[in-house]
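From first to last, the protein sequence lines are chains P and S.
As numbered in this note's numbering, residues 168 to 528 make up the first sequence, in order.
As numbered in this note's numbering, residues 368 to 460 make up the second sequence, in order.
Don't take each hint at face value.
To be verified - Computed beta-carbon distance windows for the label pairs:
(1) P:Ala-293 / S:Ile-386: 41 to 47 Å
(2) S:Gly-432 / P:Ala-303: 55 to 61 Å
(3) P:Val-525 / S:Val-419: 29 to 35 Å
(4) P:Ala-262 / S:Gly-431: 29 to 35 Å
(5) P:Thr-195 / S:Glu-422: 51 to 57 Å
(6) S:Arg-430 / P:Asp-265: 55 to 61 Å
(7) P:Arg-337 / S:Asp-447: 30 to 36 Å
(8) S:Thr-383 / P:Ala-389: 35 to 41 Å
(9) S:His-378 / P:Asp-268: 35 to 41 Å
(10) S:Gly-432 / P:Pro-499: 39 to 45 Å
Honestly, the hints are just simulated from the structure, not real lab data.
Glycine included, C-beta positions come from ideal geometry on N, C-alpha and C.
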Amino acid sequence: MSTDPDNGRTALVKCLVWDLDDTLWKGTLLEGGEVRVPDEVRQVVQELDTRGVLQSVASKNDHDLAWTRLERLGLAEYFVLPRIGWGPKSESVRAIADRLDFAYGAVAFVDDQPAERAEVAYGLPAVRCYTAEQAASLPDLPEFRPEVVTVDARRRRHMYQAGFEREAARSEFTGPDEGFLRSLDLVMGIGRAAGEELSRVEELTLRTSQMNATGVHYSASALRSLATDPAHEVLVTTLTDRFGPHGAVGVTLVRKDAAVWHLKLLATSCRVVSFGVGAAILDWLVDQAARAGAHLVADFRPTDRNRMMEIAYRFAGFTEEPCVCRDAVPRPSEADVQRLHLVSERRETPVTMVVEAVDLA
Amino acid sequence: MTAPTHESQGHRGIVTELITFLESRTRASWGEDVDLFATGGLSSMFAMELVVHLERTHGVSIRGGDLRLDNFRTVRTMADLVLRLRTDGATDG
């Protein structure tokens, strides 16, 4: 059983790859006759989609014929990156996982043929394999049951599909980097975390280790109680572009005092690194602090995964320089947390996006 | 990872390599003293890519206060940074 090394729970399946003949549907397409999707299997597809589990296809079939059939069955839209052809299924599953940038341990495969499951298991031992008989009961298994189902989970498939369109647009675009970003019509929203936003905060803190600047973990319940503390601001960043919503992509935790604002947590999703979201949040916060007449002090603990965030802090202008305002911030509870400092000044919003944000000052 | 191939280059070699890299990534042409981050140029995100590129290709490690945006503003300032870090590294060693 695959478990998550961070918390010992059963590791969630992030993508389920379906075989078609006698698994998703009853019957064999190329042998003629009708194929039929049992109601309980259709419900599994829809239920997993609602929970934010992505689904794909690895089938040995004629591509155009099989895809047309999926469209006629009203199921094609549920599948991302389908691999329908004649290569080994382990290669299909590998290609799907690599394209999604998922670890193989986060991928599952369901197929009625023992030989196909064995071939996938041999090539990719971390992939969890299930029989066609198990298909109807997959949503009952813990690995298919995320603890929280957020608004973003429900539209995760749409966000990935928009992401593939975005990548295609990027590869066709010629010209400077900034020109491409401008062409995306990015809108970044920053708002106080309340109500449904709090479930997004929880999901983000679980998912964003790569861009978690502080390396200091705040549990969802800690953030929940800080959200109601008048001295603290818990902020959620969302991002949208012309291809659709990225959903919640960042969490910021700030303690505001008269002379200094203490940036305790800045986490952004690695999905949006290339849009400069971390830098844009920092610029916005520097501008807000300047309006309030406060300096900024930021916690940072280097880990092997958050170097990009260190660069974002440094490029925003944070340094190790001494300042009296540092004395107003309680000493870090952990010895390896660095304190970076910045004298805030008014900053303009980035030319690459529209920023719609609350006023903190 | 492949071994750095430009480690023995002087200022001119670093400048040439960086301009080639920028032109391949942006499909635009760049001069040695052009401000890369002025309006219409590169995003601050691309600066992060430059950090990684300089480290991998020119065999330096860019840490702490050296990660100032001003060090990455033009091809010339980046070449200066690489040469200085190599000298510092040699002194330390």
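Hint check:
1. At roughly 43 Å, the beta-carbon separation of Ala-293 (chain P) and Ile-386 (chain S) lies within the given 41 to 47 Å, and the hint holds.
2. The given range of 55 to 61 Å is respected by Gly-432 (chain S) and Ala-303 (chain P), whose C-beta atoms sit roughly 60 Å from each other.
3. In this structure the supplied range 29 to 35 Å holds for Val-525 (chain P) paired with Val-419 (chain S), their Cβ-Cβ distance being about 34 Å.
4. As the Cβ distance of Ala-262 (chain P) to Gly-431 (chain S) is approximately 40 Å, the hint placing it in 29 to 35 Å is violated.
5. Under the hint 51 to 57 Å, the C-beta atoms of Thr-195 (chain P) and Glu-422 (chain S), about 54 Å apart, fit the expected range.
6. At about 32 Å, the beta-carbon gap between Arg-430 (chain S) and Asp-265 (chain P) misses the expected band of 55 to 61 Å.
7. Between Arg-337 (chain P) and Asp-447 (chain S) the beta carbon distance is about 32 Å. The supplied range of 30 to 36 Å therefore holds.
8. Against the hinted window of 35 to 41 Å, the Cβ-Cβ separation of Thr-383 (chain S) and Ala-389 (chain P) comes to about 52 Å, which falls outside the hint.
9. Checked against the hint of 35 to 41 Å, the C-beta distance between His-378 (chain S) and Asp-268 (chain P) comes to roughly 38 Å, which is consistent with it.
10. Separation of Gly-432 (chain S) from Pro-499 (chain P) is about 20 Å and departs from the stated range, judged on CB atoms against 39 to 45 Å.
Going down the numbered hints, you'll see the structure goes against 4, 6, 8, 10, while the others check out.
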